[in-house]
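These protein sequence lines map, in sequence, to chains A and B. Residue 1 is where the first sequence starts when you use full-length UniProt numbering, and the numbers rise one by one after that. Residue 1 is where the second sequence starts when you use full-length UniProt numbering, and the numbers rise one by one after that.
Hints are computed from structural coordinates only; laboratory data are not their basis. Among the hints, erroneous ones may be present.
Copies of the same chain are indistinguishable here, so a pair counts whether it falls within one copy or spans any two.
[Unchecked claim] Computed cross-link-like contacts, SDA-like style, restricted to lysine to any residue with a CA-CA straight-line distance of at most 20 angstroms:
1) LYS6 x VAL147
2) LYS7 x ILE55
3) LYS85 x VAL131
4) LYS135 x GLY157
5) LYS137 x GLU172
6) LYS135 x TRP163
Protein chains: 2
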Amino acid sequence: MARIQKKIRQERLKERLQTSPFSTDEDLAEYLQVSVQTIRLDRLELGIPELRERIKQMAEEARNKLQAIASTDVIGELIDLEVGKSGISIMTVTADMVLEKTQVARAHYIFAQANSLALAVVDAPAAVTGVANIKYKVPVRVGEKLVAKAEVVRKRGNKYFIWVKTRNDMEEVFRAKFIMVSLEHEGR
Amino acid sequence: MARIQKKIRQERLKERLQTSPFSTDEDLAEYLQVSVQTIRLDRLELGIPELRERIKQMAEEARNKLQAIASTDVIGELIDLEVGKSGISIMTVTADMVLEKTQVARAHYIFAQANSLALAVVDAPAAVTGVANIKYKVPVRVGEKLVAKAEVVRKRGNKYFIWVKTRNDMEEVFRAKFIMVSLEHEGR
């Protein structure tokens, strides 16, 4: 009986990681109603690395696809990329990113994550930012993990119309529409 | 005769600095058709400090007027501020601000200068960024000195509508319309 339970649990664990790849062991333990220790043993048996390592692997794959921007110029950690289509990055808000007066994350950090992600999805050897229409919906504070998703919604000539939506754990905190302009000749 | 010429020249020098306070000694020498050495002696006699020192004095005065943002949170050097009305800041593009691929200044640095200046002109103890519509008109490169000017164009309730225009020596390189939201209670 215990063996069957375990098999079912491990199947559910794998399924869960397909749909929610950024789940921590704590998240998974809660979801499956078992201890964190059990999750760790299950991962070990299934050969699934811990969250940090999983993100590292995804980041590595995403980085290898980069074209219009150097990987060191991406703000936040790029963890998924389909060049010409979409991308995802994660940025954790640290103490040096907040305004002294309000302890709210400075607008330009959230912008930088979104903007560099928009640049990453452009399917060209080099590109620059043309236009951005942006909205800050909810103030963001230290410790929040921001997941930005970019999507190319249209391409006309050398112009890419890209939407980026950024969420914390709870809700959408920021959204931006960018027009990125690809450059004909690499490096200008 | 030489004495009269000198008096006239020194008057013109003072007038010039009223209208173009960021003129270098070289600019002034060219404008008045004399040597840089002559300009330096004239400044000495008139008790006018060199450009760097003049900017420092202006920055000091501007800093003392800050309300909605701490002075360390202003990106670039704030050199003029009329809270609730307008502000000016200067930022020189350094090598760490450009994208590796294109050697063009990253969008978020130019945004950061404009955005923090917009925050500086808000006439409230604290504020956050609500909306921004921005346009990058000309790519900016290392060494360029960017002068951003902010103007409050409208105020409605706790919302400030602020335009920021950024120029290099030659032309307008960037413009943004911000809606900044002042916070009722300090610290929020």
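Going through the hints against the structure:
Proximity of LYS6 to VAL147 under the C-alpha cut-off of 20 angstroms is found in neither arrangement, the shortest distances being 32 angstroms within a copy and 65 angstroms between copies. Neither within a single protomer nor between protomers do LYS7 and ILE55 lie at most 20 angstroms apart by alpha-carbon distance, with minima of 25 angstroms and 71 angstroms respectively. Only within a single protomer do LYS85 and VAL131 lie at most 20 angstroms apart by alpha-carbon distance; the minimum there is 19 angstroms, versus 26 angstroms between protomers. Proximity of LYS135 and GLY157 under a CA criterion of 20 angstroms is satisfied inter-copy only: 19 angstroms between copies versus 26 angstroms inside one chain copy.
Within a single copy, LYS137 and GLU172 get their C-alpha atoms as close as 7 angstroms, which meets the 20 angstroms cut-off; across copies the closest is 29 angstroms, which misses it. Taking the shortest Cα distances, LYS135 and TRP163 sit within 20 angstroms of each other both inside one copy (12 angstroms) and across copies (16 angstroms).
Of the numbered hints given earlier, the model fails hints 1 and 2; all others are met.
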